[in-house]
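S.K.: Take a look at the letters that make up each chain.
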Amino acid sequence: MTGNHRDDSGLRVDGLTVRFGGNTAVDNASFHAPMGTITGLIGPNGAGKTTTFNACSGLLRPTTGTIGLSGQDITRQPPAGRARSGLGRTFQRMDLFDSLTVQQNVSLGLEARVAGSNPLKQLLSPPAERTAVRNATEEVLDVCGLTGLRAEPAGSLSTGHRRLVDLGRVLAGGFSLLLLDEPSSGLDSAETRRFGAIVQRVVAERGCGVLLVEHDMALVMSICDYLYVLDFGEMIFEGTPAEVRASEVVRAAYLGSEAVDA
Amino acid sequence: MWGVYAVTELMTFVLIGITTGSVYGLAAMGLVLTYKTSGIFNFGHGAIAAAAAFVFYELHTVRGLPWPVALIVAVVALPPMMALVLERITRVLSRGTPTLKIVGTVGLQLAIVGSLLAVYGGSMLDFPAFLPIDTVELLGVLLGVDQLITAGLAAAGAVGFFVFFRMSAMGVRMRAVVDDPDLLSLSGTSPFVVRSWAWLIGTWFAALSGAMLAPTIGLDAMMLTLLVVQAFGAAAVGRFSSLPMTYVGGLLVGVLAALATNFVSGSEILSGLPPAIPFLVLFVVLLVVPRGKLVEIGGHRVAPLSAPLVSTRTARILGLLAIVVGALVPFVVGAKLPVYASALVLVLVFYSLNLLVRTSGQISLAHAGLVAVGSAAFSHLAVGAGLPWLMAVVLAGVVAIPVGALVAVPSIRLSGLYLALATFGFGLLLENVLYRSELMFGPTNTLPAHRPALFEGDTAFYYVLLAFAIGCGVVISMIGRSRLGRLLRALADSPTTLSTLGLGTNVTRMTVFAISAFIAGVAGALWASNGHSATGAPFTSFVSLTWLAILFLHPGTGAAQPIFAATALGVVPAYITNETVNEWTLAFFGIAAVLVAIYESTRTAHRSAARHVTAANSSRAADRLAGTGPAAERLRSALGAASKRSTPDSTRVRVATSISARTR
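Residue numbers (my numbering), protein chains in the order written: chain A, 1 to 262; chain B, 1001 to 1664.
You may find that some hints are simply not true.
[Said to hold, decoys possible] Using 25 Å as the maximum straight-line C-alpha spacing, the simulated SDA-like pairs for lysine to any residue come out as follows: (1) A:121 with B:1456; (2) A:121 with B:1485; (3) B:1293 with A:63; (4) B:1293 with B:1094; (5) B:1293 with A:132; (6) B:1336 with B:1476; (7) A:121 with B:1471; (8) B:1293 with B:1413; (9) A:121 with B:1170; (10) A:121 with B:1475; (11) A:121 with B:1336; (12) A:121 with B:1094; (13) B:1293 with B:1239; (14) A:121 with A:132; (15) B:1293 with A:75; (16) A:121 with B:1476.
If you're looking for bench data, these hints aren't it; they were derived computationally from the structure.
All of these numbers come straight from a predicted model, not from anything done at the bench.
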């Protein structure tokens, strides 16, 4: 086990291609998000970031390519199977369980995983599991600063709190690798910084891996260890934040889209 | 010789099938057009057809106007008014959740059918044959001139519509909308005008098909409504999207049904199959068409948040109070006790439907079928096999479970509208094929049933029913507080997220359908036992629709709803002394359901709007609106083409569609 080089740890995607009819959304993209680090996936609008995420979490079937988690090939697994293998994700649109309270949302992060596909476990929770769920929930509510809001229905929260509940849910699930989809959208800069700090703390404490899709460059540059840049479905650059900042290719891709914007 | 005979025979059925199929096709095209432009699948489409036929009857037969005048009023002049009302109602409903949209138009159907039944009665009236009834020979087959005119009119309507759709500016706008509803708001034309036109054409087609179907089958509000429901099968062939394929689907359904009549004649078990062919088509298409091809217009909306009306403590007190009141009923109501006994059975029915629809967000329009299965199973077990009463009741619930699992199969791949339609098709299949076969209710369509030995009396058996209702309420509230309860509520909110958290959501769906089917089966057994007989008549698919509408009359979510619904449906009408009280209450429930759906949809809309302002997740829509990059450029040019008078090159519109599909 200890002999493994870093290749096999975390999430490894090789030659991922996703086509929708005639459109190629992601074209032969490869990247690696190792454990214990925060890896960023950036690119202009429509570059294929969310499509990549959906392929990783199993919501879409890739046309070609393989997806591996900790050395295990999960390309053919359904979303729930991948989650049980340790892959958790958040959604850009923050799909919370709006009619449930904050506490219930967070605890479902673990309960859904524990219950899995076992009808009996979905029906009943043994006391030991209940304790585990309660402890995980309390810890996460504390880490995310949501303790005061635990009894609020999730549907009544502000965007900033919704982001935290979404994150809290995957944190409670104890996933080893987290896919975070544009967590800063809709947040102000203070909320974004706070969010970044929580993610950094969790990675440091738990040693889990994070793959972050993000538009907020300040956040990306401050918390990511390594970056991949997608444009029109192709991986055009990879490197440390400093290297990305210096790259002409990346600048051209972003400037290009801005030029069209204007 | 025989071969020639067989070919002629076959030809007869094909031609008859084309005649009726043409009418289904026309009705179905109206249905699909309005669905695509407004996002509302109108369950009341058939009721509109029935209403038009009754207006014709009223003017021509009752008031003696010449038939052309009556026809013009019923089929040409009346629809614009209906279309305006429909446009207004559906505009609001389109902002609601998929369930609310269904409840709204189901309410519309109940309101129209209920009023027609109240005014004209439930028995079939003679519809005047206003077209010539001579016969002509075509391809060696004798055909009625009226049938030919009908088929010709329907075909002319379809062709005329295609020409309009292809050539006119409004047609081009509609096509743009049918290709991608989002284009509507972007194209700079008034959505109101386009939608109103769509509703106008849809209502015209429905009215025309009603007037054309009535002479051959007679005037019966329920039957006419259901006949147009056959158009659902045709619409399924067109995948609820392609208008030409929908018309072809109508022909196909008509011919298949006519041919089936030929082939099953003589077989007892399959005799119910021909009229059920469209529902079979509906069910099968929804099960096999790739999910990506069935995109629900309007997509996912969040359900409005409803805080519990009362605290848990108050709820408990109210629950105890309800039990006390229930226990006192026999001392107070006197001769009305049987009414309350059946209402208690309805409490079970509504508990099981509530668990499915409101708690876990699944929709089933086959629920009456499950109750019917339970009551038939009870009779077979208790009377046929002589099992002890209680054991037979429980086993009747168990027998309903696999049927419930069958209903659940579509829920694995479908949700919202398409799940509703698939289960509706399944319910109609059950009703048409299984209810009538000897297998289920025996040769006389009624099976005997009995009450338990020591509780034969009305009062004694009332307490047995009360015990079941209380037991059911306790079990349901335990489920609500358990892990399963949380999982079900989460499933209603966001099944995708739940699966990315590791839950096998198909297992959850199967579980909830199984539990619900068990309770429905037990309710069926109690129903049969209470009335001393088991029969399918009280459990039609129309009843399933009624139950769904009534379930939504009580606001909020909680244990009180089933009790409220059972009281409204079972008890209240018994205290109104009026011959047509049942029909009028049906109409009243329909109107109430429409109003509730409208009210709840406005709340949903407010909530989603608020969400969009706070979350910047509308950024994508904004991107699309503002337009960045070459893709948007292409979209814009396609839009320009679509909104101009010229007929756009269709590939460009398709490009726009695929682009917006991708951006989504």
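S.K.: Now tell me, hint by hint, if it's right for this structure.
M.R.: Against the structure, the hints come out as follows:
{"no.": "1", "hint": "A:121 with B:1456", "result": "41 Å, violated"}
{"no.": "2", "hint": "A:121 with B:1485", "result": "12 Å, holds"}
{"no.": "3", "hint": "B:1293 with A:63", "result": "18 Å, holds"}
{"no.": "4", "hint": "B:1293 with B:1094", "result": "21 Å, holds"}
{"no.": "5", "hint": "B:1293 with A:132", "result": "43 Å, violated"}
{"no.": "6", "hint": "B:1336 with B:1476", "result": "28 Å, violated"}
{"no.": "7", "hint": "A:121 with B:1471", "result": "23 Å, holds"}
{"no.": "8", "hint": "B:1293 with B:1413", "result": "12 Å, holds"}
{"no.": "9", "hint": "A:121 with B:1170", "result": "56 Å, violated"}
{"no.": "10", "hint": "A:121 with B:1475", "result": "18 Å, holds"}
{"no.": "11", "hint": "A:121 with B:1336", "result": "45 Å, violated"}
{"no.": "12", "hint": "A:121 with B:1094", "result": "38 Å, violated"}
{"no.": "13", "hint": "B:1293 with B:1239", "result": "7 Å, holds"}
{"no.": "14", "hint": "A:121 with A:132", "result": "14 Å, holds"}
{"no.": "15", "hint": "B:1293 with A:75", "result": "24 Å, holds"}
{"no.": "16", "hint": "A:121 with B:1476", "result": "18 Å, holds"}
Of the numbered hints given earlier, the model fails hints 1, 5, 6, 9, 11, 12; all others are met.
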